[in-house]
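Taken in order, these protein sequences are the chains called A and B. When we follow this note's numbering, the leftmost residue of the first sequence carries the number 1, and every step to the right adds one. When we follow this note's numbering, the leftmost residue of the second sequence carries the number 116, and every step to the right adds one.
These are calculated hints, taken from the structure and not from any lab test. Hints may contain errors.
Said to hold, decoys possible - Label pairs and their calculated CB-CB ranges: (1) Asp30(A) to Pro228(B): 39 to 49 Å; (2) Gly155(B) to Gln17(A): 21 to 31 Å; (3) Ile143(B) to Pro96(A): 19 to 29 Å; (4) Glu169(B) to Ser73(A): 17 to 27 Å.
Said to hold, decoys possible - Derived DSSO-like pairs (lysine-lysine); straight-line CA-CA distance at most 30 Å: (5) Lys97(A) to Lys215(B); (6) Lys185(B) to Lys166(B); (7) Lys185(B) to Lys97(A); (8) Lys215(B) to Lys68(A); (9) Lys78(A) to Lys215(B); (10) Lys215(B) to Lys24(A).
None of these values were measured; they are calculated from a predicted model. Don't be surprised by glycine CBs; every beta carbon is placed ideally from N, CA and C.
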Amino acid sequence: DAGVIQSPRHEVTEMGQEVTLRCKPISGHDYLFWYRQTMMRGLELLIYFNNNVPIDDSGMPEDRFSAKMPNASFSTLKIQPSEPRDSAVYFCASSPKVLYNSPLHFGNGTRLTVT
Amino acid sequence: GQQLNQSPQSMFIQEGEDVSMNCTSSSIFNTWLWYKQDPGEGPVLLIALYKAGELTSNGRLTAQFGITRKDSFLNISASIPSDVGIYFCAGQRLMNRDDKIIFGKGTRLHILP
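Based on the provided sequences and hints, a complete structural model is requested.
Shown next, in the form of structure tokens:
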């Protein structure tokens with residue numbers, strides 16, 4: 001099992017540019033989560049999907065952020081336009097079912113730097 | 116919104132020392148989880164707790180689900196260099212099927228040479 005795969009590992013971009021982060025969940029997992037990690041705010045849940053359908057996007061900071069899951073094996077998180085305050089590590093995680101007795105499996109993250 | 120207060124924020128210890136950290140909340144949680152994050156990687160689940168009062172061990176790690184369901188602690192005995200990292204507590208209310216997991220801000224563990 002390859003685990004949750006995220007790409008790229010690092011992204012450096014200039015303010016105003018569009019950024020797309022990618023995630024491949026573990027095969028067979030029904031849930032997919034996008035988290036953002038910063039020193040100040042810790043791990044924040046941005047959005048999560050169940051069977052490719054967005055369930056809760058209340059953590060998405062603003063309209064510049066959007067996420068899609070076109071199929072069970074792929075999801076994207078897009079920021080357009082990017083701003084320096086978006087700099088953070090973005091994690092994707094997947095889970096096989098409702099979270100009780102079912103841990104989150106995290107990818108290794110994408111470190112985003114917006115200059 | 117729900118918050119988990121995790122303490123201490125960071126710890127500096129000598130190799131071989133025991134470590135204790137805890138997590139508290141103003142809300143009741145029905146599940147408590149402890150994750151560890153190594154540098155450059157995502158968090159990995161260490162211990163999951165599902166019943167108030169439950170005490171669970173995983174090697175040198177021991178965690179307990181508080182009786183009030185508003186707190187949990189994690190102990191590490193005889194620390195070793197590979198214990199360095201960030202430890203997160205997480206809780207879930209499970210009031211409905213899609214209840215989210217809430218994470219604390221983490222305890223950074225440093226081991227002095």
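(message) Tell me if the straight-line CA distance from lysine 185(B) to lysine 166(B) falls inside 30 Å.
(response) The hint holds at about 12 Å.
(request) Starting from the range 21 to 31 Å, see whether the pair glycine 155(B) and glutamine 17(A) falls in it by beta-carbon distance. (result) At roughly 24 Å between Cβ atoms, glutamine 17(A) and glycine 155(B) fall inside 21 to 31 Å, so the hint holds.
(request) Using the Cβ atoms, figure out if glutamate 169(B) sits within 17 to 27 Å of serine 73(A). (result) 36 Å, violated
(message) Given a hint of 19 to 29 Å, does the C-beta separation of isoleucine 143(B) and proline 96(A) actually sit inside it?
(response) Between isoleucine 143(B) and proline 96(A), where Cβ atoms are some 26 Å apart, the hint holds.
(request) With a cut-off of 30 Å on the C-alpha distance, tell me whether lysine 97(A) and lysine 215(B) pass. (result) Holds, because 12 Å separates the two Cα atoms, which is no more than 30 Å.
(request) Below or equal to 30 Å on CA atoms is what counts here, so check lysine 215(B) against lysine 24(A). (result) 21 Å, holds
(message) Hint check: lysine 215(B) vs lysine 68(A), CA-CA at most 30 Å. Holds or violated?
(response) Distance ~19 Å between lysine 215(B) and lysine 68(A) Cα, so the pair holds.
(request) State, for the Cβ atoms of aspartate 30(A) and proline 228(B), whether the hinted interval 39 to 49 Å holds or is violated. (result) Since the Cβ atoms of aspartate 30(A) and proline 228(B) sit about 45 Å apart, the hinted range of 39 to 49 Å holds.
(request) For the pair supplied as a hint, lysine 185(B) and lysine 97(A), confirm whether the alpha-carbon distance does not exceed 30 Å. (result) Roughly 25 Å separates the two Cα atoms, so the pair holds.
(request) Mind checking the alpha carbons of lysine 78(A) and lysine 215(B) for me, to see if they're no more than 30 Å apart? (result) The given pair, whose Cα atoms are some 22 Å apart, holds under the 30 Å limit.
Hint compliance for this structure: hint 4 alone is broken.
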